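Asker: What follows is each chain in one-letter form.
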Amino acid sequence: MNNLLWLIPALPLAGFLLLVAAGKHLSSKLVALTGVGSISLSALVTIMIGLNFLSSATDKETYHQTLWTWMDVGGFRPEIALSLDALSLVFVFVITFIGSLIHVYSAGFMAADKDYSRFFACMNLFVFSMLILVLADNLLLMYLGWEGVGLCSYLLIGFWYENPANGYAARKAFVITRIGDTAMALGLFTIYYQFGTLVMSEISANAASVWQPNTPIATVTALLLLAGGMGKSAQLPLQTWLPDAMAGPSPVSALIHAATMVTAGVYLIARMHVLFELSALAQMIVAGVGAVTLLVAGFSALTQYDIKRVLAYSTISQIGYMFLALGVGAWTAAIFHFMIHAFFKALLFLAAGAIIEALGHEHNMFKMGGLKDKMPLVFWTFLIGAASLSALPLISAGFYSKDQILWYAWASEKGSPILWFIAIFGAFITAAYTTRMMILTFWGVTRTEIGHHPGKLMTIPLIILAFFSVVAGFIELPHNFGHFTLFSDLLHRVLPSTVLQADESSEWKFQLLAFLATFGGIYLVFIYYYREPYKIERLRENSSFQSLYRFWHNGWGFDRLFDLVFVNPFVFIAQINKRDIVDRFYDGITSVTEHLYRLLSATQTGSLRWYIMGMVIGAIIILGLQIML
Amino acid sequence: MILVWLIGIFMGGGTAALILGQWNKSIPRWVALATALAGFLLVAIFWTNQYQMINTHPSSVWLVDFKRDWISSFGISFHLSIDGLSLLLLVLTCFLGILAVLCSWKEITERTGFYYFNLLWILAGVSGVFMAMDLFLFYFFWEVMLIPMYFLIGIWGSENRVYAAYKFFIFTQASGLLMFLAILGLYFIHGQNTGMYTFNYFELMETVIPSETGLWLMLGFMVAFAVKLPVFPFHTWLPDAHSEAPTAGSLILAGLLLKTGAYGMLRFVIPLFPAAAEQMALPAMILGVAGIVYGAVLAYSQTDLKRLVAFTSVSHMGFVLMGIFSFNELAFQGVVMQLVTHAISTGALFIMAGMIKERLHTRDMNQMGGLWSRMPKMGAVGLLFAMASLGLPGLGNFIAEFLILLGAFKASVWITTVAALGLVFSAAYSLRIVQKIFWGPQDGYGHIRDFSLREILVMTTLTLSIIGLGLYPQPVIDTAAPAINKLVLLLETDKTQVGKVTKPDTQQYLVKKYQESYVRK
Numbered sequence: 002m003n004n005l006l007w008l009i010p011a012l013p014l015a016g017f018l019l020l021v022a023a024g025k026h027l028s029s030k031l032v033a034l035t036g037v038g039s040i041s042l043s044a045l046v047t048i049m050i051g052l053n054f055l056s057s058a059t060d061k062e063t064y065h066q067t068l069w070t071w072m073d074v075g076g077f078r079p080e081i082a083l084s085l086d087a088l089s090l091v092f093v094f095v096i097t098f099i100g101s102l103i104h105v106y107s108a109g110f111m112a113a114d115k116d117y118s119r120f121f122a123c124m125n126l127f128v129f130s131m132l133i134l135v136l137a138d139n140l141l142l143m144y145l146g147w148e149g150v151g152l153c154s155y156l157l158i159g160f161w162y163e164n165p166a167n168g169y170a171a172r173k174a175f176v177i178t179r180i181g182d183t184a185m186a187l188g189l190f191t192i193y194y195q196f197g198t199l200v201m202s203e204i205s206a207n208a209a210s211v212w213q214p215n216t217p218i219a220t221v222t223a224l225l226l227l228a229g230g231m232g233k234s235a236q237l238p239l240q241t242w243l244p245d246a247m248a249g250p251s252p253v254s255a256l257i258h259a260a261t262m263v264t265a266g267v268y269l270i271a272r273m274h275v276l277f278e279l280s281a282l283a284q285m286i287v288a289g290v291g292a293v294t295l296l297v298a299g300f301s302a303l304t305q306y307d308i309k310r311v312l313a314y315s316t317i318s319q320i321g322y323m324f325l326a327l328g329v330g331a332w333t334a335a336i337f338h339f340m341i342h343a344f345f346k347a348l349l350f351l352a353a354g355a356i357i358e359a360l361g362h363e364h365n366m367f368k369m370g371g372l373k374d375k376m377p378l379v380f381w382t383f384l385i386g387a388a389s390l391s392a393l394p395l396i397s398a399g400f401y402s403k404d405q406i407l408w409y410a411w412a413s414e415k416g417s418p419i420l421w422f423i424a425i426f427g428a429f430i431t432a433a434y435t436t437r438m439m440i441l442t443f444w445g446v447t448r449t450e451i452g453h454h455p456g457k458l459m460t461i462p463l464i465i466l467a468f469f470s471v472v473a474g475f476i477e478l479p480h481n482f483g484h485f486t487l488f489s490d491l492l493h494r495v496l497p498s499t500v501l502q503a504d505e506s507s508e509w510k511f512q513l514l515a516f517l518a519t520f521g522g523i524y525l526v527f528i529y530y531y532r533e534p535y536k537i538e539r540l541r542e543n544s545s546f547q548s549l550y551r552f553w554h555n556g557w558g559f560d561r562l563f564d565l566v567f568v569n570p571f572v573f574i575a576q577i578n579k580r581d582i583v584d585r586f587y588d589g590i591t592s593v594t595e596h597l598y599r600l601l602s603a604t605q606t607g608s609l610r611w612y613i614m615g616m617v618i619g620a621i622i623i624l625g626l627q628i629m630l
Numbered sequence: 064m065i066l067v068w069l070i071g072i073f074m075g076g077g078t079a080a081l082i083l084g085q086w087n088k089s090i091p092r093w094v095a096l097a098t099a100l101a102g103f104l105l106v107a108i109f110w111t112n113q114y115q116m117i118n119t120h121p122s123s124v125w126l127v128d129f130k131r132d133w134i135s136s137f138g139i140s141f142h143l144s145i146d147g148l149s150l151l152l153l154v155l156t157c158f159l160g161i162l163a164v165l166c167s168w169k170e171i172t173e174r175t176g177f178y179y180f181n182l183l184w185i186l187a188g189v190s191g192v193f194m195a196m197d198l199f200l201f202y203f204f205w206e207v208m209l210i211p212m213y214f215l216i217g218i219w220g221s222e223n224r225v226y227a228a229y230k231f232f233i234f235t236q237a238s239g240l241l242m243f244l245a246i247l248g249l250y251f252i253h254g255q256n257t258g259m260y261t262f263n264y265f266e267l268m269e270t271v272i273p274s275e276t277g278l279w280l281m282l283g284f285m286v287a288f289a290v291k292l293p294v295f296p297f298h299t300w301l302p303d304a305h306s307e308a309p310t311a312g313s314l315i316l317a318g319l320l321l322k323t324g325a326y327g328m329l330r331f332v333i334p335l336f337p338a339a340a341e342q343m344a345l346p347a348m349i350l351g352v353a354g355i356v357y358g359a360v361l362a363y364s365q366t367d368l369k370r371l372v373a374f375t376s377v378s379h380m381g382f383v384l385m386g387i388f389s390f391n392e393l394a395f396q397g398v399v400m401q402l403v404t405h406a407i408s409t410g411a412l413f414i415m416a417g418m419i420k421e422r423l424h425t426r427d428m429n430q431m432g433g434l435w436s437r438m439p440k441m442g443a444v445g446l447l448f449a450m451a452s453l454g455l456p457g458l459g460n461f462i463a464e465f466l467i468l469l470g471a472f473k474a475s476v477w478i479t480t481v482a483a484l485g486l487v488f489s490a491a492y493s494l495r496i497v498q499k500i501f502w503g504p505q506d507g508y509g510h511i512r513d514f515s516l517r518e519i520l521v522m523t524t525l526t527l528s529i530i531g532l533g534l535y536p537q538p539v540i541d542t543a544a545p546a547i548n549k550l551v552l553l554l555e556t557d558k559t560q561v562g563k564v565t566k567p568d569t570q571q572y573l574v575k576k577y578q579e580s581y582v583r584k
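Heads up: the protein sequence lines correspond to chains A and B, in order.
Numbering follows this note's numbering, in which position 154 of the first sequence is assigned residue number 155; successive positions increment by one, without gaps.
Numbering follows this note's numbering, in which position 222 of the second sequence is assigned residue number 285; successive positions increment by one, without gaps.
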C-alpha cells in the first residue's frame, strides 16, 4: 500500500492538468466528471490506504514514499517524498472526503457559470496543494503545498474577476498569508541550520537533544512557525483576509474553511508539536492567540448582516479554539475539533450557498427570513450544522469536540482558569450568534421570495455532511460518558497525551457549565431576536451600543489599522517615488554638464576681440603666477 | 574549437543576415533563426556530452580550452575556456537567442537585415564574455555586446528610444572604462611583480596585490558589473532601456546582459580579489537588500508594464548580489539558479508585454483590464509567470530565491530577514500585474486574438522550462557544482592564509610581501 501513496495527490493534479489542457473542449458533463471524479478517486484511494494502515501498521510505523530528490546542494537535500501517519491520515481523509462532497455540490452550484472548467481546475489544484501540505515528509515540500494553497485561494476568491472588489479580496488574502509564509520561511532557515535537515520526523526525533527546553532559539523558531500558521489559519492579527475571502463562490468558501487552507496552521503546529513543547512561552502564546482570536471573532460574528460573513468569523473563532487546544497541549482535542468542524462548517457553507442562490444572490440575513417551511431540507441540514457549531449538548458532534477543549483549557497542565473562562464565554457567544443566524434566516416573515430550489447534486452532499455532523462526535466520548476514545487512541500514535493538573472526577461540573453557556446564549438571542424583538430595537437606539456594534461589525478596526500603519505608507512612498528619486541625481549630473557646456560654448563668440582679450588675460595670469612663485 | 565555432556562427550569421537583407526583407529572420538554432544545438549537444563527465569528474573544472596568440608583444591572447558556469550561461544565451528571433518575427519590419545583424552580434558578444579567459579579450567582447545593443534600442525602440539608448550607452561605457583601468592596473602590477606582462586570467589570478590597491582595482571591476547587474543605486538606466527597447531587446537585456554582471563578479571579482571581496561583503549584501526592497517598491508603483517588469529585475538582481557576497555554496548555487530562472521568467513577461502591445498598442496598464476573458491562454501564462516572479514553490525562481536566502541566512541573519520582506513585496507587485491586465472589468477593445501558433510555441517552451527547473533543478546544480565548489574552496583557503593575499604556492613570497606592507604602515 505504501507505493500507492503518490496516487492520493496525483489524481487531483491529473484532474487539474487535464482541465487546464483540454477544459475548453470538454463538455460541461465531462468537466464535472473530471473534477469530481479525480477527487473522489483520491478519496477512495485514501480509504483503501487508510484501512490498510489502521489494520496492519504498528504504532510508530509510517507509510513513506520517496518520489525523487528535489535538489541536492552541498548536503541540503530535500526530497519530493510523501509520508503518512495517523495525523496526516486524518487530514487526508477530511480533505479528500469533504473535498469530494464539495466538488459534487459544485457540479450543481456552478452549472450555469461560463468558466465551469476553470473553476474545477482551480478546485482540483487546491485539493492537490493541500494534500501535498499534509503528506509532505519535509518542511520544504510542505512549504510548496503551503504556498500552493495560497495561490489557489487567490484564484478562487477572485474567481469572478471582473468585479475589482473580488480581485482586491483575493490579493488581500494572498499578501496577508504571505506575510505569515515569509516568517515561516525564516523558521525553516533556522531549523535547517540547527538540525541540518528539514525532514520533519528527524527534526522531531532530535529536537530534545539539540535544544534545551525554553532556550530562546527554541522559542523563536516555534514563534516563526506559529506566524506561518497564523497567516493561513486566520488568527489574530493576520485574520483580516478571511472575512473578505467570501468574495469567492460558496463552494470555495466551504473548501477554504473546512477541508483546506485555514486548517493548515493547526496541522503545522500539531506536526511540529515537539518544537512547541520545548518552549513553554511559545505554547502559551499559541494558547493566548487562540483565546483572544476566538473572542474577537465571536463578537464580530454577532454583528454581521451577511450570512457568509457570520460563518467566516465563526471559522476564525473555531480555529481559535483549535489553537487554544494546541497551546494547552491538548493535541488530540485540537485535531478532533478540526475534523468535526470540517464536517459542520462545510455543511453550513454549502447550505448557505444553496440559500443564497435560491434567493437570487441575496447575502443579507435581514432580507431573508421564513425559509423554515420553504426550504425544509436546507433548513434541517442547516439546523444540524448550527447545532454542531453551537455545541448543542449530547446530540451534536460539535459538543463532544468543543467540550474536550473547554475541559483541557482548565484541566491541562498548561491550562488556566482565564483560558477556560474565555473559552466558555466564547461558547456562549457562539451559541448566541448561531441562534441569531438561524432565527434571522429561517424564522419570521419571508422578505425575499425563492427563485428556484437546489437540485439533487447540491442536496445530497448536505445530507451526508449533516449525518456526519451528528455521528462523527460519537467516536470520542468523555470519560464519564461512555469513555470511548477511538479517535485519540489513533492519534496518540503521533501526538502525546495531555498531562492533567485537575482531577478527572470534577469534569462533570465543567460539562454542566458548558451546557449552561450554550443554552444561555441560545436563550438570550431567542428573547432578543424572536420573542421580544422590540428589545433589540431599543438597544439599537443607544448610541454607544451603536458604535460598539459598528466596531465589532468592522472586525475591531483591524483593517483600518493595517491600512493606516502599513498599506497607506507603502502605497504613498511607492507613489511619490514613482519616477525614482535616484534618477534625479543622474539627471542632475546631466544638467550640470549641459550648463557647463553652454557656459563654455558661450565663450566661442567668433569675435576676434574676445579671443585676443582672452589670450592677453591668460598670458598675464601665467606670467603673474611665475613671478609670484 | 567548439567555442570559436559558436562565436563564429553568430558573427557569420549576423553578417549573412545583413547582406541578404538587402535583397529581401524576410530572409534575415530565417537566417537568424537558423543561426540561433545552430548555436543552441551546438551547446546543447556539448552539454549532454559533457554532463556525464561533469558528474563523474567533479574535480576537473575546465571543460574545454582554446588558446592562440593574438598580440603577443602585449601578452594578449585569444583565450577561450569554459567551465560549468559558463556552459550554463551559454546554453541560456542560445536558448534566449532563439526566442529573441521568434518574438521579433512580426514586430520588426524596418531594416530587418541590420536588425538581425545587431541581434546576432549581441549574442556573439555575450557568448564571448562568458568564455573569454584573457582580460583584454573579455573587455573586447564586453564592448561587442554593448554597441549593437545601443543600435537595437536607438533604432527599433519606442517613442523615447534615443534618450534610453544614450543613457544605456553612457552608463555601461563609463563603468566599462573604469573596469578597463582596473584591468590595466592589474596587468602592470603583475608585470612588475613577475616581469611577465600578460592579460591571461589564470596568470593574473596569482598576482600579489597590496591590499589597498587590491581594493581599488576590485572596485574598478565591481563598478562595471554593478552597473550591468544592476546594483542599487546604479540601476536607473535599466527601466528606460528595458521599456524603450523592442521586445527582443528587453528579453536579451534582462535575460543575458544583466547576467554578465553577475558572471563578472563570480568569475573575476572574487577569484582575482578574494580578500578585497571579503572586505566588500557586508556593504554589498546591504546594497543587495536595498535593491530588493527598493526595486520592489518602485515596481509596485509603475503603470507602464515594461517599466514594472524592469524594476522587478532590479529587485531580483538584488537577490543575486546578496547571494554572491554571502560566500557559501548554497547561496552561489541559488545565484546560478536565479540567473537562469530570472532570464526565463522575466523574459516571458517581457515577451508577453510585447504581445500585448502588438494587440492593444499600449504598455499602459491603466488602459488594460479584463483580458482574461479575451485571451485565456495568455491569461494563464501571464499568471504563471507572475507567480514565478513572486517565487511560488514548484517554479524555478523559488529554488533560486530559497537557496539564496538560505545561504545568506548563514552569512547574516538580519540582512536575510530584511531581504525576506522582498517576498511579501513581490507578491504585491506580481498580483498587481495580474489584476491590472487580466482581471477587472473589460473595456471595449474590439476583436483581440489569443495566442498564435508561434506564440504558443514560445510560451510553452518557457512554461515547461520554468516548471522543469522548479521541480528538478539538479542538472543545473550539477553542472555548476564544480565551478562553485572551486570558488568556495578559494574563499576558504584565502581565509586560512596569513594575510589578505592569495596563492598557496608562493606562500613564502606572500608572507614576505605582506610583512613588508605591514612594516610600511
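Derived by calculation from the structure, the hints in this document are not laboratory data.
If you're wondering where the values come from, they're calculated on a predicted model, not measured in any experiment.
Take the hints with a grain of salt, since some may be wrong.
As the list claims (entries may be wrong) - 27 Å max Cα-Cα, derived DSS-like pairs, lysine-lysine:
1) B:K499 <-> A:K25
2) A:K415 <-> A:K30
3) B:K499 <-> B:K88
4) B:K130 <-> B:K499
5) B:K440 <-> A:K30
6) B:K440 <-> A:K115
7) A:K25 <-> A:K457
8) B:K420 <-> A:K25
9) B:K440 <-> B:K420
10) B:K499 <-> A:K115
11) B:K440 <-> B:K499
12) B:K549 <-> B:K420
13) B:K420 <-> A:K579
14) A:K368 <-> A:K510
15) A:K579 <-> B:K549
16) A:K536 <-> A:K415
17) A:K510 <-> A:K373
18) B:K549 <-> B:K169
19) B:K549 <-> B:K440
20) A:K25 <-> B:K130
Said to hold, decoys possible - Footprint (simulated), chain B over chain A, 3 or more residues, beta carbon under 8 Å:
21) 376-388
22) 480-490
As the list claims (entries may be wrong) - Over the 12 Å line for every Cβ pair with chain B, so calculated as not near, a few chain A residues:
23) L199
24) L517
25) V568
26) Q576
27) N578
28) I590
Cβ coordinates follow ideal geometry from the N, Cα and C atoms, glycine included.
Asker: Hints first: check each against the structure and report whether it holds.
Answerer: To see whether the hints hold, each was checked on the structure:
1. Restraint check: the Cα-Cα separation between B:K499 and A:K25 comes to about 24 Å, which is no more than 27 Å; the hinted pair holds.
2. Between the alpha carbons of A:K415 and A:K30 the distance comes to roughly 53 Å, so the proposed pair goes past 27 Å and is violated.
3. Taken as a hint, the B:K499 and B:K88 pair is broken in the structure, with Cα atoms around 37 Å apart against an allowance of 27 Å.
4. Of the pairs offered as hints, the one joining B:K130 and B:K499 is violated, with about 53 Å between alpha carbons and a cut-off of 27 Å exceeded.
5. Only pairs whose Cα atoms come within 27 Å are accepted, and B:K440 paired with A:K30 is accepted, the gap being roughly 22 Å.
6. The suggested pairing of B:K440 with A:K115 holds, with an alpha-carbon distance near 16 Å, which does not exceed 27 Å.
7. Between A:K25 and A:K457 the alpha-carbon distance is near 26 Å, which keeps this suggested pair within the 27 Å criterion.
8. A C-alpha spacing of about 26 Å is found between B:K420 and A:K25, which places the hinted pair at or below 27 Å, so the restraint holds.
9. About 16 Å separates the Cα atoms of B:K440 and B:K420, which keeps this hinted pair within 27 Å; it holds.
10. For the given pair, B:K499 sits about 22 Å from A:K115 by alpha-carbon distance, which is consistent with the 27 Å threshold.
11. Among the hinted pairs, B:K440 with B:K499 is consistent with the structure: their alpha-carbon atoms are about 17 Å apart, no more than 27 Å.
12. Distance hint between B:K549 and B:K420 is unfulfilled; the C-alpha atoms sit about 45 Å from each other, more than 27 Å.
13. Taking the CA atoms of B:K420 and A:K579, the gap is near 22 Å; set against the 27 Å cutoff, the hint holds.
14. Distance check on the hinted pair: A:K368 and A:K510 sit about 41 Å apart at the alpha-carbon level, beyond 27 Å; violated.
15. Restraint check for A:K579 and B:K549: not satisfied, since their Cα atoms lie roughly 42 Å apart, outside the 27 Å limit.
16. Under the criterion of a C-alpha separation no larger than 27 Å, the hint pairing A:K536 with A:K415 is inconsistent with the structure, at around 41 Å.
17. Among the hinted pairs, A:K510 with A:K373 is inconsistent with the structure: their alpha-carbon atoms are about 36 Å apart, more than 27 Å.
18. Taking the CA atoms of B:K549 and B:K169, the gap is near 45 Å; set against the 27 Å cutoff, the hint is violated.
19. At most 27 Å may separate the alpha-carbon atoms for a hinted pair to count; B:K549 and B:K440 exceed this at roughly 44 Å.
20. For the hint linking A:K25 to B:K130, the alpha-carbon distance of about 57 Å lies beyond 27 Å, and the restraint is violated.
21. Taking a C-beta to C-beta cut-off of 8 Å, the segment 376-388 of chain A contributes 0 residues in contact with chain B, too few for the three needed, and the coverage statement is violated.
22. Only when three residues or more bring their CB closer than 8 Å to a CB of chain B does the claim for the segment 480-490 of chain A stand; here the count is 0, and the claim is violated.
23. Not every C-beta of chain B lies more than 12 Å from that of A:L199, the closest at about 10 Å, which undercuts listing it as non-interface.
24. Every CB of chain B lies more than 12 Å from the CB of A:L517, the least distance being 45 Å, so the non-interface label holds.
25. Not every Cβ of chain B is farther than 12 Å from the Cβ of A:V568; the closest lies at roughly 10 Å, contradicting the non-interface assignment.
26. Not every Cβ of chain B is farther than 12 Å from the Cβ of A:Q576; the closest lies at roughly 6 Å, contradicting the non-interface assignment.
27. Interface exclusion of A:N578 from chain B breaks down, the closest Cβ pair being 6 Å apart, not more than 12 Å.
28. Distance check on A:I590: its Cβ comes as close as 10 Å (rounded) to a Cβ of chain B, failing to clear the 12 Å threshold; non-interface status is violated.
Violation of the numbered hints given earlier is confined to hints 2, 3, 4, 12, 14, 15, 16, 17, 18, 19, 20, 21, 22, 23, 25, 26, 27 and 28; the remaining hints are satisfied by the structure.
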